[in-house]
Amino acid sequence: MKSLAELKAIKEKMKGQVDMRAENEGNIRVVVGMATCGIAAGARPVLQKMAALVNEKNLTGVTVTQTGCIGLCRYEPIVEVHEPGKEKVTYINMDENKAAEVVEKHLAGGNPITEYTINESDLVK
Amino acid sequence: MFRSHVLVCAGTGCVSSGCNAVADAVKEQLKKNGLEKEVGVTLTGCFGLCALGPIIVIYPEGSFYSEVKESDVAEIVSEHLLKGRVVERLLYHETVSDEGVKSLNDTGFYKKQLRVALRNCGVINPEEIDEYIAVDGYQALGQVVTEMKPEEVIKVIIDSGLRGRGGGGFPTGRKWDLARRLVPDAKQKYVCCNADEGDPGAFMDRSVLEGDPHALVEAMAIAGYAVGADRGFVYVRAEYPIAVKRLQIAIEQARDYGLLGKNIFDSGFNFDLEIRLGAGAFVCGEETALMASIEGERGEPRPRPPFPAEKGLWGMPTVLNNVETYANIPQIILRGAEWFSSMGTENSKGTKVFALGGKIKNTGLVEVPMGTTLREVVFEIGGGIPGGKKFKAAQTGGPSGGCIPVEHLDIEIDYDNLIKIGSMMGSGGLIVMDEDNCMVDIAKFFLEFTVDESCGKCVPCRVGTKRLYEMLDNITKGKGSPSDIDEMEKLCHYIKDNSLCGLGQTAPNPVLSNLNFFRQEFIEHVTEKKCSAKICKELLQYVIIPEKCIGCTLCARVCPTNAIEGKLKEKHVINQEKCIKCGACVDKCKPGAIVQI
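Those protein sequences? They're chains A and B, same order as listed. Take 1 as the starting number for the first sequence in our numbering and just add one per residue. Take 1001 as the starting number for the second sequence in our numbering and just add one per residue.
FYI, nobody ran anything at the bench for these hints, they're computed from the structure. No incorrect hints appear here.
Derived Cβ-Cβ restraints for the label pairs, each shown as a range:
1. T1146/B x A40/A: 51 to 61 angstroms
2. S1341/B x K2/A: 26 to 36 angstroms
3. S1016/B x G26/A: 36 to 46 angstroms
4. P1386/B x G26/A: 31 to 41 angstroms
5. G1100/B x E101/A: 26 to 36 angstroms
6. N1263/B x P45/A: 47 to 57 angstroms
7. G61/A x E1435/B: 46 to 56 angstroms
8. P45/A x G1018/B: 32 to 42 angstroms
9. G26/A x K1155/B: 34 to 44 angstroms
10. G26/A x E1448/B: 49 to 59 angstroms
11. E1239/B x E104/A: 54 to 64 angstroms
12. A1238/B x K2/A: 31 to 41 angstroms
13. E1295/B x G61/A: 48 to 58 angstroms
14. D1256/B x A5/A: 17 to 27 angstroms
Cβ atoms here follow ideal geometry from the backbone N, Cα and C, with glycine treated the same way.
Using the sequences and the accompanying hints, generate a full structural model.
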């Protein structure tokens, strides 16, 4: 190593790995339902896909994590996006492709994809 | 890339409570659940809560699991890492409240802490240089050698107000400045690190070496650039095998990256480091003895001046700092002198690491800003005294320091305040004592240590500490007389005034400080032959309360010296001449008729 630039390159490469190890209260939290119902419906690939894409696109400030049963088992896999200061967005019946789209449009682009979200009519039915 | 990180504490405390087996179990369970590509496992340095090891922290949630057993691991992996359900049962109890799981930084232990020297301990993998680089590692070194003049570096350190963390508290920047300028035509200069942490109960430096060894490597290279040295030595005791191993790995990794060696950052600056192992002699923590030991000589001190900055290793100018002092350096360079001097008190800037031990709930490692009160450290961070006992005193500075009694609980801890009340900062051991500790016995304990560790070169220390120990020993055995106390005080001052090095000059401090604050206890020992704390065995008496004795003979049968007399169904009596105060009868007596007075 002969320059600060080389040092910086290593730092950038490692950032994703170390950044997670702190309390990130201002982060967007993406929560995937991973109870038995979620896993059975295919939540694992959704979680993996989202975590991988967030890293790949270097979306700092986004934490992908998992939670237990959200209570709407028939709409699993469910993904919730919690953004500080905004209302929670709940995506239902997710799969890998939809997950990729959410990362692209919502997490990176800032626009929730309403056609995948839960709404009143889903709950009434 | 990992979506989740499992950090397992691998400091010495957790290693001895079994963290390696836990870490292996985590890896095995991850494999079993097919998660090994999603979840990373990292062994880190000390989190500080050594009493609660093994410790696991899982991110991004920041869940802090304490006292984790191998058998708990399967549940943590399948519940938390697979299904995302935090296993509350196994969390550090302070983080669980009625309102859900609290952040670790909101717990009593961490709330008032401020981690500078320990900032990477428990965060990065100490055996992985890339992780250190990811948290700004080696950036300070890069800046220093490519953008700053040595004088500028020294000015930053002087302006920061950093003082030596090894005990004396000499301003670090001034030390560097002297080493730079005192001998302008020196052919060779050295940078040296004192990692010979010898105070009983102190483990601050060990934790830095184990948790963040690259910080030391980087800081020593910076010191080398500032004073004009191209070689460095770390003197560390062989009794710290994990620290030595990780430091060795760090040095090799830094060499591989060209961060040690020739022409660092293409600046023309050369620097390399070597480890020297010490055999664990306390006197080798004294700087001149330490350097003698590095040179391969017998570890004995020599008179100062000349100070190491003028004539150090092999007669050459040498800068010598302690591990914790160095650990602050890269941060000061990166964040500026002003940032550092904004923390702490008027004459003591920054933070200080303390190793909490003795009668305290949260045994472990804490770092607080200078000026934090002893009460905050003991009762808020340390969690207070176990068993509802009363605080009696805290001992700082190890065998060279003294006690801080209860009336000084609100003292703001810094160099000057501690000296004012007859103690000293020392390297940071903080041992808490409660009402069950006898202060004569404590003084004797530290004297026994210094008698053992005195190198024997000078008479005041070699003979003086021995005589002092004998006087204390007599007092604890009921053979002391009131005149002994004054004699002891005289001897203390004689040893202080006439010893060659710091070991002897400070050895009487525990006695003087205890005499100052707890003189009544000494007087009680010599006049009434009584030890209120019931520690000095030979001043105790075991007696049988006649009203409670049922004459069962159990006590008489268990007594190894047949000191208990009495027939079946009659009251028993202990013959004080024969009694050796072993206490065996007390445990056997069912009605609780035998008491200590």
